[in-house]
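Now that you have both chains on their own, put them together as the hints suggest.
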Amino acid sequence: MKIVIADDSRAMRMIVVRTLRQAGLSGLEVLEAENGREALELVAQHRPDLILSDWNMPEMTGIQFLQALRSRGDTTPFCFVTSEGSDEMREQATASGALGLIAKPFTAESFNDVLSTVVTP
Amino acid sequence: MTDHIDLEEVRPDLETLLGDVLRSVLEEESEVLPEGVDLPPSDDEAPPAVALLAIADDVDGSRLGVRVVVPGRLAHTLAARMFGTDEPETADLLDAVGELGNIAGGNVKALLFGTAGSARLSLPSAILGAVVAPTAVPAEAPAPMSVRAFVLDDVAELTLIPQMSGEDLMWPPVVRSEVLEGQP
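Protein chains in written order, with the numbering used here: chain A, 1 to 121; chain B, 1001 to 1184.
Some hints here could point you the wrong way.
Ranges of calculated distance between the beta carbons of each label pair, as one might list FRET restraints [stated by the list, open to error]:
| id | chain 1 | residue 1 | chain 2 | residue 2 | range |
| --- | --- | --- | --- | --- | --- |
| 1 | B | A1080 | A | T94 | 34 to 40 Å |
| 2 | B | L1039 | A | T117 | 44 to 50 Å |
| 3 | B | E1031 | A | M1 | 25 to 31 Å |
| 4 | B | P1040 | A | D87 | 42 to 48 Å |
| 5 | B | S1165 | A | D87 | 41 to 47 Å |
If you are wondering where the hints come from, they were derived from the structure by calculation, not from laboratory data.
Quick caveat: nothing in here was measured; it's all calculated off a predicted structure.
Beta carbons are placed, not taken as given, at the ideal position from N, Cα and C, and that holds for glycine.
So that you can see chain B by itself, here it is in the shape it has in the complex (with noise of 0.2 Å):
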């Protein structure tokens, strides 16, 4: 799959699309930053809140990490919105952020993959700290490829990232009919 799917040609979808999510969590309009335009340091200190899922092509079998990156500032922000409160705590962070990458994989799913079910996305994965790079990616994939949105004076990132192990990450279980008999 990722070898046939030219990144940069659906950046502007992919820019458009992480426009639209953060615009129905955060309800907040966003300007795409973009590439090479950076911005003067943050003085936010907080850590950032990523959410990391894969999707996973049954067809060749590969897995396309989705990872969104969002500062910790603009994360308490998405939490305290979320959830109606002032004062989120970290688990509210984390499901925030969580859910926010859920939305957006769910749409680069339906962007790259189109409404055919080829494809599965994985349970989102949020973590609090330092962005590290996911595990296992051959050193052949394509690189990753990255689009950006300016809200509420911070910066959330989008990343696509081809030939991801998605090993680590938590699959919903698969449907089978037969295992459905015996439900209470």
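In isolation and in its complexed conformation, chain A is listed as follows (with noise of 0.2 Å):
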């Protein structure tokens, strides 16, 4: 399974293909962003099968980023991992097309819950 992950921090990322092994998930080609911007050439060149995304991040946040791969007809999953998640945050991530918003901290359960639709390990 081909995911992108985008989060200006880089143990972040490296914190969630950890979470994402221990949800049972293996064989996973991970595709690295530092923003948004970047993750949307990413997904661009290398058509992955989930998009992971934090929000709050430099050059391009991840509800841009989403926004921007939807108004380019573009229907990868895509889930939001943030260390905040309010109401209305959870909101315009369902109605700009995520599937949900995992809130750091984080457990491989609370990941199995929002991909199991997506990811079966």
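Structure (structure tokens):
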């Protein structure tokens, strides 16, 4: 499975990968981006099966990234992994076409809960 | 915002929050270090790692500073575990403590502002070295409030700083739907 992970923290990108493996996912091909703009380019080049993105990032935020994707007709499954998760953010995420929002700190179970519809361990 | 929130009232919640955040990134349990309790001087000679963020209240324009201080030795352990390496580099330490601050800041925002969307969180800034007071805190501002956690023989500290300027911090770009139309 090919996954794009967008987060301005390299440490968090590594933790997300580790948690995906703890959630039982194997055979991952991970592509990393530091912000939404980089991630947008990666998606265009590599056509991933899933996108996991932080919300607050420099250059282009996660929600801007998602809206830009959807505006060009890209329907790749997209989930936020972010340090905050207000009702407004969750509503905006869903309305913009995200599967959901996983708030940090998170567990492998919280990944499974949100991603179970698109990934199978 | 900082005028009507009694930070002392949320002290127990902040102590729990700090413990939860440390557990999530270090996979270690911590103990609350009560106010007024001082530990013997540490033999840790490495400089502390400091993360600083701010939460901007869109209602009244005020900003609440969120600062996390991690002793050098603990910052090394934190980065080593987050990156899965025995010898993390300086950039790794800064990234690790910055993300620790980011998670703490997001959870402080949820704690103090609820789940409504009336506040924005800055991006984290991280440094290694002496803990300096943020600039441009008005003299009449309420005093900063700190909670501490004892973990792996070191003390991590989370401080809230009312009415901090935050102008020298980085902020994510504001979402404006009209600029998205022309994205590639």
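> Against the structure shown, which of the earlier numbered hints fail to hold, in ascending order?
Replying inline: Result: hints 3 and 5 break, sorted rising.
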